[in-house]
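Student: Spelled out from the first residue to the last, the chains are:
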Amino acid sequence: MAIAGDNLCLPLEIIHNILKRLLPVKSVERIGGDNPFLPLDIIRNILKRLPVKSLVRFRAVCKDWKKLLQSPYFIAEHYHHSAHNNPLVICTDFSRNPRYSPLCLVPYKTETVEVERIPAMDSLRNLYSIIGSSNGLLCVIRDGIYNDSPPPWLLLLNPATREVRQVPRSAKDKALGWGFGLCPVVRDYKIVRIYATNRPSIKFDEDGGIHGEVFSLRTGSWKEVESGALRRLRAFPCHPLTFNGAIFWLGWGEASVKIVSFDLTMEVFTLIPTPFLIPLRTNPSSQIVLDVYENKVAVLFQYGDMLEPSFMDLWVLEGGSGACGKSWGWTKKYSIGPTSWGLSPLYFWRNEIVFRYIHEVHLLILTANRELKRFNIYPSINNVRQKLDYVESLMSMDGDSFCPTLARIEELSARE
Amino acid sequence: MASSSKTITVVSSDGDEFEMTMKAAEQSKLITHMLDEFGVSDKVPLYNVNSETMAKVMEYCKKHADHEAAKEEDGGAAIGAGGEEELKKWDDEFLKVENGLLFNIILAANYLEIKSLLDSSCQAVADMIKGKTPEQIREIFNIKNDFTPEEEAKLRSENEWAFQED
Chain A
1 MAIAGDNLCL PLEIIHNILK RLLPVKSVER IGGDNPFLPL DIIRNILKRL PVKSLVRFRA
61 VCKDWKKLLQ SPYFIAEHYH HSAHNNPLVI CTDFSRNPRY SPLCLVPYKT ETVEVERIPA
121 MDSLRNLYSI IGSSNGLLCV IRDGIYNDSP PPWLLLLNPA TREVRQVPRS AKDKALGWGF
181 GLCPVVRDYK IVRIYATNRP SIKFDEDGGI HGEVFSLRTG SWKEVESGAL RRLRAFPCHP
241 LTFNGAIFWL GWGEASVKIV SFDLTMEVFT LIPTPFLIPL RTNPSSQIVL DVYENKVAVL
301 FQYGDMLEPS FMDLWVLEGG SGACGKSWGW TKKYSIGPTS WGLSPLYFWR NEIVFRYIHE
361 VHLLILTANR ELKRFNIYPS INNVRQKLDY VESLMSMDGD SFCPTLARIE ELSARE
Chain B
1001 MASSSKTITV VSSDGDEFEM TMKAAEQSKL ITHMLDEFGV SDKVPLYNVN SETMAKVMEY
1061 CKKHADHEAA KEEDGGAAIG AGGEEELKKW DDEFLKVENG LLFNIILAAN YLEIKSLLDS
1121 SCQAVADMIK GKTPEQIREI FNIKNDFTPE EEAKLRSENE WAFQED
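The listed protein sequences derive, respectively, from chains A and B.
Mapping the first sequence onto my numbering, position 311 (from 1) lands on 311, and the numbers just tick up by one.
Mapping the second sequence onto my numbering, position 20 (from 1) lands on 1020, and the numbers just tick up by one.
Source of the hints: derived by calculation from the structure; they are not laboratory data.
Honestly, I wouldn't trust all of these hints.
[Unchecked claim] Label pairs and their computed distance ranges (CB to CB): (1) B:E1059 to A:D64: 27 to 35 Å; (2) A:P107 to B:E1135: 26 to 34 Å; (3) B:T1133 to A:H362: 51 to 59 Å; (4) B:G1039 to A:R350: 47 to 55 Å; (5) A:K174 to B:K1144: 55 to 63 Å; (6) B:K1071 to A:Y108: 27 to 35 Å; (7) A:P72 to B:Q1136: 24 to 32 Å; (8) A:T367 to B:D1014: 33 to 41 Å; (9) B:F1163 to A:P338: 54 to 62 Å.
[Stated by the list, open to error] Derived pair list, reagent style SDA-like, types lysine to any residue, alpha-carbon separation capped at 25 Å: (10) A:K174 to A:L271; (11) A:K63 to B:F1163; (12) A:K66 to B:E1150; (13) B:K1130 to A:L271; (14) B:K1115 to A:A83; (15) A:K67 to B:E1139; (16) A:K63 to B:G1131; (17) B:K1088 to A:K66; (18) A:K109 to B:E1086; (19) B:K1154 to A:L50.
Remember, it's a predicted structure, so these values are computed and weren't measured experimentally.
Backbone N, C-alpha and C define an ideal beta-carbon position, used for all residues, glycine too.
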């Protein structure tokens, strides 16, 4: 960093060194301006604590700061600080009217919840769904369903820096399931797409023509992956769960529901049988919740007839994605029940179960001491439909190909 | 285990001497290592820290040493549930000084390896600069603007939203 002044061009440390020998030691620290000079590692210690908006602005301070703020090392340091001190949850509202009802950011750790909007997402005008959130980036999709509907697009974006990148759509058949996550080993973001080439047949012993492909941000292209494990599945009814280097879905097929995992490093699909057998119903997702409980992948299984009190068992998956023979196993955590009819579990919030109850407008949450309370996120969100873990970060999608930003999003939304 | 009644002497860059208890000295990893090397009887020279800053650092170390001692007594009952919060409030007040001294405290905490003081003081600066403009940042950290007007204008227009008020 240069000193503000006409003639001095030596680095401050050298000036210190010279003057230390000439002047009383006390005044060395005040050379070159009012405040003492802070070395770069201390500047980093300060800057890593700042919100992304401030840091984007501070790129304009000087060239050294711009370089620092865009260095992968600093971005990682900032991300870790952000993840540890201010983890957030993105919530979509149940009653989401496509014309308004913004996404909201909720702090995960604090009790008094300050809810913020995400301006970058507002411009997408709610005509999209979020496939996943991973390490500061979101993957967002709009599918063109009918001929006269808006054109489909697939985006990667960082809502904090407002950086957007459009992902090429592979010209293949209708998607059955999507997933998004970061491969921790090579630090590559990947999008997974499960699709069917045939019209799925009812007979489960036939090949349903289900395939998987993966997009890598590093290569910028799609490629097929070995999908033998998916052969006998037919539907993937729930939101995917990205956790610990793998993506998980509920896969419905044959006589049971299976957990489908995709290991982001090995790029393989693995089927993990669930620890329970359920009778096939038309909507298995209403009976099973796939979420994270106490930092492990967990399934909450609700059973019992629709018209009678139901029971619920919570199982956690020990071990990893199951890929390449990694061992796994299920542990039952607890059972709940009998519960009254009309309670449907939705997801976990800080390790407590959130329910929809047929007689109530608001959602309910079952606390650790078995109390059923109203689940409210003050002030405006009463019905959180989808929730995703999120961390504000400076993560960039490769300087070469990112498009600034809001204008691009508006352009995409305007094409309708 | 050093007894808490033992004291050591540290010397600032201005030549002033400051006494601190062993418990307070243990807040600083550097002083602890130096004592292990040179022993307690010598005066510890800290020529990178001036007297004004040293006085503040002494105050911090004493406060935190007393807090730790109180936690150890009564198995923590003396501190109580609000104790950590109270300490944090004390830290916040303690750091309400003008920037020059605050920066010197950061440098001293860094040099003396007092992690909690380094974290708190860096956080205090972060909170203070969060909403500032690039011009204000340059003034505070005494940084020369080495962008051309065109470069700076480009940076602003690419990220206009970041330059607007919340």
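Student: Take the hints in turn and mark each one as holding or not.
Tutor: Hints, verified against the model:
no., hint, verdict
1, B:E1059 to A:D64: 27 to 35 Å, "holds, 34 Å"
2, A:P107 to B:E1135: 26 to 34 Å, "holds, 31 Å"
3, B:T1133 to A:H362: 51 to 59 Å, "violated, 43 Å"
4, B:G1039 to A:R350: 47 to 55 Å, "holds, 51 Å"
5, A:K174 to B:K1144: 55 to 63 Å, "holds, 58 Å"
6, B:K1071 to A:Y108: 27 to 35 Å, "holds, 28 Å"
7, A:P72 to B:Q1136: 24 to 32 Å, "holds, 28 Å"
8, A:T367 to B:D1014: 33 to 41 Å, "violated, 59 Å"
9, B:F1163 to A:P338: 54 to 62 Å, "holds, 58 Å"
10, A:K174 to A:L271, "holds, 22 Å"
11, A:K63 to B:F1163, "holds, 18 Å"
12, A:K66 to B:E1150, "holds, 16 Å"
13, B:K1130 to A:L271, "violated, 48 Å"
14, B:K1115 to A:A83, "holds, 20 Å"
15, A:K67 to B:E1139, "holds, 19 Å"
16, A:K63 to B:G1131, "holds, 20 Å"
17, B:K1088 to A:K66, "violated, 33 Å"
18, A:K109 to B:E1086, "holds, 20 Å"
19, B:K1154 to A:L50, "holds, 23 Å"
Hint violations for this structure: numbers 3, 8, 13 and 17, all remaining hints satisfied.
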